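Number of protein chains: 2
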Amino acid sequence: MQQIIDLVEQNQYTKARAELLKMNPVDIAHLLEKPPLEKSLILFRILPKDIGADVFSYMSSEQQKYIVGNITDKEIRSILDKLYFDDTIDFLEEMPANFVKKVLKNADENTRQLLNQFLNYPENSAGSLMTIEFVDLKKEMTVREALKHIKETGFDKETFDTCYVINDQRQLEGIVTIRRIILSDEDVLIKDIMETNITYVHTLDDQEDVAAKFIKYDLMTMPVVDNEKRLVGIITVDDILDIIEEEATEDFQIMAGIAPVEDAYLKTDVLTLAKHRIGWLLILMISATFTANIVKRFEDILQSSVLLAAFIPMLMDTGGNAGSQSSTLVIRGIALGEIESHDIFKIIIKELLVGIIVGTVLAGVNFLRLYFIEKVTLTITATVCISLFFTVLMAKVVGGILPLVAKRFNVDPAIMASPLITTIVDAAALTIYFILASNLLHIS
Amino acid sequence: MQQIIDLVEQNQYTKARAELLKMNPVDIAHLLEKPPLEKSLILFRILPKDIGADVFSYMSSEQQKYIVGNITDKEIRSILDKLYFDDTIDFLEEMPANFVKKVLKNADENTRQLLNQFLNYPENSAGSLMTIEFVDLKKEMTVREALKHIKETGFDKETFDTCYVINDQRQLEGIVTIRRIILSDEDVLIKDIMETNITYVHTLDDQEDVAAKFIKYDLMTMPVVDNEKRLVGIITVDDILDIIEEEATEDFQIMAGIAPVEDAYLKTDVLTLAKHRIGWLLILMISATFTANIVKRFEDILQSSVLLAAFIPMLMDTGGNAGSQSSTLVIRGIALGEIESHDIFKIIIKELLVGIIVGTVLAGVNFLRLYFIEKVTLTITATVCISLFFTVLMAKVVGGILPLVAKRFNVDPAIMASPLITTIVDAAALTIYFILASNLLHIS
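Residue numbers (the working numbering), protein chains in the order written: chain E, 9 to 452; chain S, 9 to 452.
Chain E extracted, bound-state conformation:
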């Protein structure tokens, strides 16, 4: 890599080009992100046009912006001509409006209409993911005719292994794989070898649902239809891989109380990072101050036995951890489609039982430690251990239920993860602790 950069610095462009062409377009794109932008531009311009377009589609949007800002209109058109349609859309979505206008003006009528249509699909919809590079056949064609049609039109089709059979209204009637076609007799009709049991999605379906279907049915491509069941595009599995990772990343962030950040951590500036974190921290901090009022209400009991304060952190942390274990499992189960709203009673019972087992073990260990090793009085030991048991039990059940409640109210279940559960569990744990302490210390 350094070698290529050195060659460019010595103006040995032919050699640099030969080295570049040994690499995968993905790796070339990564390489071009490294050196100063002017050098990248030179390297990019010496690439053959079709490889250049491929490399371009793997670049970051900042890099793409820099490149299109510094090459001629003719060069831009030549890249766009060679880009797959879905990559063109991805690229245009990230560009400033005046640039998109310029591209649309330079495109022919047909392409312009298509680009406009695709750019208008909502973000995260099936429509925004699809590409138009597919082969369409008619069911009355013979295998011979189909093969001829494929050879005439097929070279740039991204997912050549599946062909789509449509009628005169462009409605989807079947799919047939290229394998099936070339293994069939030349006079067989397409309608006799096509598959009619097709899994498809609508343009406005959410990308998460699309990804779930890909996983469930082990698909490589999926047709996208409009309201009249007309085939408008297809989605390929490589875009689904990215979506699954994105959706998981989003859930990780929401579950940690972060407003989702789209860019990679290292590429996000400090102010954005701070802005995306401060919201939940503020909300949670203010809710946590209500726990201060609980403690204040029991100031007398605390005054009479300051030692009680020493066990507050342990009680709170254990409750928070126990609760977030349950909420995490349920949130993930919902995300994977394994848990539905009607499973709520199964979950309550499961969490109650798990809570009893886990709570008993934790309280037991704690009792041994406090009473026998730390030599704490029996009253305080009992207060701590009984509170611990009920805190864990309550945390488990609350952690198991809240994500499902959120789902029922159409709120993202991921919000009900550790931070929020911890705050709720804390307030409840402290209340249990001090009421128990008042009663037990009063008796003794």
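Simulated from the structure, these hints should not be mistaken for lab results. Check before you lean on any hint, since a few could be wrong.
When chains are identical, the list treats them as one kind, so a pair holds in a single copy or across two.
[Stated by the list, open to error] Below, simulated DSSO-like cross-link-like pairs (lysine-lysine); rule was C-alpha separation at most 30 Å, straight line:
no., residue 1, residue 2
1, K224, K237
2, K42, K113
3, K383, K304
4, K415, K42
5, K159, K147
6, K90, K275
7, K57, K221
8, K146, K159
9, K57, K156
10, K224, K354
11, K156, K146
12, K30, K42
13, K23, K199
14, K415, K283
15, K221, K415
16, K199, K156
17, K275, K73
18, K159, K199
19, K354, K237
20, K23, K82
21, K90, K47
The structure displayed is predicted, hence computed values, not measured ones.
Since chain E is already given, all that's left is putting chain S on it; use the hints.
Frame of chain E, contents of chain S only:
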């Protein structure tokens, strides 16, 4: 669905079969999970053999176990004959040893050797994921010969769209897509149209690395080679989709302090769930009791101002949340390959700056609330707010660093998530709080 079950109960098997055949094999498999097992068995046996094998590959392993336990050896052999090789391996891996022996005994010499070899690849390795259904070509073949070879041997090949070019030692020399072949002139040699810049993996590579390559290079299939670069199998993208989801689920669990559970939540029994949660809860509870000792050390200062105890929960929660925000972003960044060990200084600086911004805002809001609304004394307000600022700052930096430290010591960075960070941050926060309180209250 109920309709099909009703038909079976009325012994109308032909009608039930006709209804079943309208469905996707994945949906049939799900349907067969529902009714009592004997009914499922009848439904399964009335399916045509090739569809039956397909349905079988989508069943849960309990269901598979039940089916093979209740059908004849001949039926088992006929299913195994029709199963894809990777599905056979997946199935055998879940079966008891005596059953696997029986299958191996019934297989022919060649298959037996292959099955043995594949069953011996470590779990989570590339070898355990691969299938042997691929088309291999020689580079000296013409397109005409290649097409003939494909037609003769190709029908059951799972990923027909890519063919693999190997030499006489079975070493991988190139790949060529079926699209390229049928669009080329019949006399062209395979070596002139094959791609030699190939991304491949070794049999013992970890599945997470394999998935990362699929995502990076937008692949549909990837060849797997042994130490002598001989082609031994291929991995298809549908298996990768499952792995990405599994790996994310595992990270979610580890980050919530749960020992990873493989089965779905609802299918896991209470004892297993409890066992997988108790370990970390115990460790964290015992570490949290050390914070009790910190509080005890400052019992005097607490006695003189019990109000101080009221702000402990808020301080701890905010610190914990601030820390887990940072650790989550860094852990996810490492998992996606966006953050490397050498980025540690960039992360420290970023988190310091974010911590200063976030800490200032939180301390400021808290100051306004405590001093002006709650009318707390200036000394205590100052103690709380200054502690809050430093706690947030420290939590951010610790949360950002620890996952990278874990990585350097080859520990899964996901372990350094909220529960552990919270425990560490708590102890530090309380120390800051009480030292500050001692000094400020002493002066005033």
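Structure-based check of each hint:
1. K224 with K237: within (22 Å within a copy, 34 Å between copies)
2. K42 with K113: Classified as neither; 33 Å inside a copy, 57 Å across copies.
3. K383 with K304: both (28 Å within a copy, 14 Å between copies)
4. K415 with K42: between (44 Å within a copy, 25 Å between copies)
5. K159 with K147: both (17 Å within a copy, 23 Å between copies)
6. K90 with K275: For K90 and K275, the Cα distance is within 30 Å only inside one copy (29 Å; across copies 49 Å).
7. K57 with K221: between (36 Å within a copy, 25 Å between copies)
8. K146 with K159: Cα proximity of K146 and K159: in one copy and across copies (15 Å, 24 Å).
9. K57 with K156: within (28 Å within a copy, 34 Å between copies)
10. K224 with K354: within (24 Å within a copy, 40 Å between copies)
11. K156 with K146: both (13 Å within a copy, 26 Å between copies)
12. K30 with K42: This pair counts as within: shortest intra-copy Cα distance 18 Å, inter-copy 54 Å.
13. K23 with K199: So K23 and K199 pass the 30 Å test across copies only (25 Å; inside, 53 Å).
14. K415 with K283: both (26 Å within a copy, 28 Å between copies)
15. K221 with K415: Answer is within; shortest intra-copy Cα gap is 20 Å, inter-copy 34 Å.
16. K199 with K156: Both. Shortest intra-copy (17 Å) and inter-copy (24 Å) distances satisfy the 30 Å Cα cut-off.
17. K275 with K73: within (16 Å within a copy, 50 Å between copies)
18. K159 with K199: Both, since 19 Å and 21 Å are each at most 30 Å.
19. K354 with K237: Neither: 39 Å inside a chain and 51 Å across chains, both beyond 30 Å.
20. K23 with K82: Classified as within; 26 Å inside a copy, 63 Å across copies.
21. K90 with K47: within (23 Å within a copy, 55 Å between copies)
In terms of the numbered hints stated before, the structure departs from hints 2, 19, listed from lowest to highest.
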